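Asks: All chains should be modelled from the sequences, with the hints used to inform the complete structure.
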Amino acid sequence: MAAKRLRTFILIGVAVVLLAVWSFPVLWALLTSFKTERDVLDYPPTIIFEPTLRNYRDVLFGSASILPNLLSSTIVAGVSTVLTLLFAVPAAYALARLEFPGRRASGFYVLATQMLPPVGLIIPYYLALQKVGGLDTYWGLIVIYLTFSLPFAIWLLVSYFEDIPREMEEAALLDRAGRVRALWHVILPQVRGGIAVTTIFVFLNAWNEFLFAVVLGGNRVRPVTVAMFNFISVEQTLWAKLAAGAMLAMAPVILLGLIAQRHIVKGLTVGAVKGGGRTG
Amino acid sequence: MTAPAAKAASGRVQMRGIVKRHGAFTALHGVDLDIEPGEFFALLGPSGSGKTTTLRILAGLEPPNEGRVMLDGEDVTAREPGERDVAMVFQSYALYPHMTVFDNIAFPLRMIATPRDEVERAVRDAAARVHIDHLLARRPGQLSGGQQQRVALARAIVRKPRLFLLDEPLSNLDAKLRLETRVELRKLQRALGVTTVYVTHDQEEAMTIADRVAVFMEGRIVQAGPPRDIFARPASAVVAGFIGSPPMNLLPAELRNGVLHVAGAELRPERALGRDGAVTIGVRPAALRIAATGLPARVYLVEDLGDTTIVDLDVAGQVIKLRTDQRPNVREGDQVHVAMPADALHVFERDSGARREL
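Chains C and R, in that order, give the protein sequences.
First residue of the first sequence: 2, per the numbering used here; consecutive thereafter.
First residue of the second sequence: 19, per the numbering used here; consecutive thereafter.
Read the hints as simulated data drawn from the structure, not as lab findings.
Keep in mind the model is a prediction, meaning the values are calculated, not measured.
One or more hints might be untrue.
Stated by the list, open to error - Keeping only pairs whose Cα atoms sit at most 25 Å apart, straight-line, the calculated DMTMM-like set for lysine to aspartate or glutamate is:
hint	chain 1	residue 1	chain 2	residue 2
1	R	178	R	90
2	R	178	R	236
3	R	178	R	80
4	R	178	C	164
5	R	178	C	170
6	R	178	C	59
7	R	178	R	101
8	R	205	R	284
9	R	194	R	343
Replies: What follows is the structure, given as structure tokens:
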């Protein structure tokens, strides 16, 4: 009994420490975003200060507004997410279910692409996009994002499809659904959670992506991650504005996380808990 | 066995020369099967004998490597499962977990765009037949195993197919429920008159429920016929050793000049058992009696089942079973003699296992 309480106590302690470590920078940035640029540089840092919304006003509506960049990020992340799901769902289903020559090899290929360091790909991607006129275009950046989001999404989704007993679609086939309707009415509703998790991960990856965006983007296509980088210049760093921009860029991410919290937790433990609740 | 009361107009099954290979392994070596309209037909065999594969080929879930499947005289070998007008109950039930019971049962009707009020009526009718009409709003996860099994049944009967395929439908139920459901299933099938193919590894289940039984062994049908025939005249020693509870006792024996040498004893049966040679003799446990003369044996174990008693007897190192309604006056370790009536003896060739017709 005492040992159990001690265990609980230690676990809570560890959780509090981890939470503090992870939330500290975020909270610090949140505080910073309400300070004036002068207050930011105070040493020792002030905790009590007169909060201002000026940074947000400037970042949103000033000369260096990040609104176009937020839009840019939304387009890039949104479109690449939709396209990824559109291709990844049927691909994952095929990998999980259908027998075709090279099935095993294709599964390995999908994983292998995840092992390449992105830096090694930047120069070939740059040259390739330059050749086809895809630099600083939405389609160019989206295509590049697909090259890593698709394998990732397929790999993630396959495990969800594999968790569904084959007899599910066999029953649907005998119930005269045909392959397409069996997938639509019987299989997809059961992998909803997996699709939600995949959507979120793919969207977040694209939204937070910086390296490819800064090299392959430009003046027309400039996601918010790149735009914020510009608050850091040779002459000065606008910390408060940077913090306000970061808060705004983070908002959709946090919102998405909250909405899908249930699915994410479930998705990360996939395989640990088998669904179905079948007896025998 | 006579044909069931409600005679169906369709549902004739013919399988011809079905061969199924999984890589180097051959699951079915040329299976031929004829099932009459309205018949309750059981595919019986131990696991891995090919009975489920046969059912899946009949359903169209797996293509055979060779052979043809015909339904009502029409070759459906290349047809999709949905085009065969057959319904199946899976061993795992395969209920759609995200749908209510009502939607589960309605699914096969909605897939062919049935009018809404007709779906409503058919679902309620099917649910009432298997006594789950009060559960229609639930989801499969909220039901007991027995209730889930009924939903699976309702989903099969709702569309009035020409063929029911049942793959070990009772194996996930507890013993008592299994016996009850067995009777209900039989009654339901009689009432609907739909040809039913029933896969089971439980010989007692097959013998009690089916009009006819096909016994599968290692990818072949080794015997097919009414349960009574299979029980009375097993076609081989393997079938004999599989059917009956407990199954037939089998003992190696030698026939020389009409004298049966078995377990160190000599029996002189009153009837001819055929030509001399090495044989396997079989005798049902219920045909054995403890008597003053016969095979010498030692009582190994007495299993009292209440109304019957099973006595395990050690005959020259081999255990055989005796079943009797009377309480035998023996105890473990007793030396006794077992009488084997000659007319109850089955004789099988030792090498091929084939039945010797007498």
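Asks: With reference to the structure, classify each hint as holding or not holding.
Replies: Structure-based check of each hint:
| no. | hint | verdict |
| --- | --- | --- |
| 1 | R:178 <-> R:90 | holds (16 Å) |
| 2 | R:178 <-> R:236 | violated (33 Å) |
| 3 | R:178 <-> R:80 | holds (23 Å) |
| 4 | R:178 <-> C:164 | violated (32 Å) |
| 5 | R:178 <-> C:170 | holds (21 Å) |
| 6 | R:178 <-> C:59 | violated (71 Å) |
| 7 | R:178 <-> R:101 | holds (14 Å) |
| 8 | R:205 <-> R:284 | violated (49 Å) |
| 9 | R:194 <-> R:343 | holds (23 Å) |
The structure shown violates the earlier hints numbered 2, 4, 6, 8.
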